[in-house]
Amino acid sequence: MIPKPATSAPPYRLECTRCGAQYDPDPFRLTCAHSHAPALLRVNYAVRQIRVQDQLPGIFRYLDWLPMQQGLSISGRPVTYASQGLAHHLGLQKLFISFNGYWPEKGAFLYSCSFKELEAIAVLAQFQHTPSQTLVVSSAGNTGRAFATVGSQTTQPVCIVSPQSSLSAYWSHRPFRPNISLVAVCNNADYTDAIRVGQVIGSTSGFFPEGGVYNVARRAGMGLTVIDAALEIGQLPQHYFQAVGSGTGGIAAWEASRLLQADGRFGSHPMRLHLAQNHPFTPLVQAWQQQRPEISPISDQEAKGQIQQVMAPVLTNRTPAYSLTGGVYDALRATGGQTYGISNDEVRQAGQLFAQLEGIDISPAAAVATAALCRAVDQGTVRAQDSILLNITSGGIQRLRQDYQLVHLQPHTSVDGAQPRGDLTRSLRALLQVSIPA
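Residues in the sequence shown are numbered from 1 upward in steps of one, following full-length UniProt numbering.
Since the hints were made in silico from the structure, they are not lab data.
All C-beta atoms, glycine included, are put in the ideal place defined by N, C-alpha and C.
Any given hint could turn out to be false.
To be verified - If you anchor each label on the Cβ, the simulated ranges turn out as follows:
id, residue 1, residue 2, range
1, THR413, ARG174, 19 to 25 Å
2, THR413, HIS34, 18 to 24 Å
3, ASP403, ARG383, 37 to 43 Å
4, LEU406, GLN199, 54 to 60 Å
5, PRO270, GLY422, 20 to 26 Å
6, CYS19, PRO297, 35 to 41 Å
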């Protein structure tokens, strides 16, 4: 454990983005206690100008801006570097890449090959003093794999809930420890079904939900891609490109940019968000391009039909964090942001282009972001001299396979995600007694 220096005042406070109510540090507080429309809590840190603590491992070098009292002895972190190949190809003078994955030659050692590992490290550090309860995480692949990988380096029990179609995503370079369990949601389930099952499990005695977008540590961990980049570049980038599903990563990037603006050393300009999704499942893209503050509902059948067509299923959250106060809509509005719907053909081409020009494989989701950057250049949305950060949210899986024999996590039990909530609750109660370790 890595402690923060002792002070008389708390290292941070939580503030409601809607009513301004403030709260002392509490890892279990996800929402405001007052009755109003849904809103995120935001962290106000006691330290306004971040101090990089190079003696601490991984993301905890940025402990000043992480909502926790102690860090963990885990070394993974994002890596920022100036692009050469892709930058030259696109005619960009200041293209920087935040690489989140496995690339030893660049010093990148996120073994789950996803920036969701930053979130997992932060959340598990936040909850490190609650080993008697099981943390519940719903995932379509990357998040669950990250929590399983990082959780295996701790004693915290973690229950991951995933669609059966995503089970192939649960692998690691090392064996998983017994404190990690996996529940498969079957019957044509998708990410939204896994979230619903996870909510039922998380409300059961002995379990607690990770909290999704409402968890401030989750957003703080993901926002470190922007903080690391600004410290490496010396300024806040003008443009930020990322592929999104729930939109949590985009919110995290916006919140990190606000911290850097308030720091005063990295520029006062807003960092413009460029968020992309994989066509035809693009609820965030459509809502923003039509300037609607809410997502238009579609039927389960239509949503699942669209989801089955995409190359990047990790981007297919049917209930994104768009409309709530402090969410994606507010982030895009505050930064003059833009959204992109990227076709599968564009995904394939961008993935191949990145591998050829930068020398490392990337995931389809990261290729979505790369394709969005290519389109922005073609459309003149960004200029050659602009400072740009491209978040490669997942990469190096093929590179990892060269160095390690991967081990797969097998589900401990399965549940029908299509059954009514009452039946689902009864089924899970029976399963939880025998299948998931407390």
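Query raised in the report: Which earlier hints turn out false for this structure, listed by number in ascending order?
Result: Hints 2, 4, 5, 6 are the ones this structure does not satisfy, whereas the remaining hints hold.
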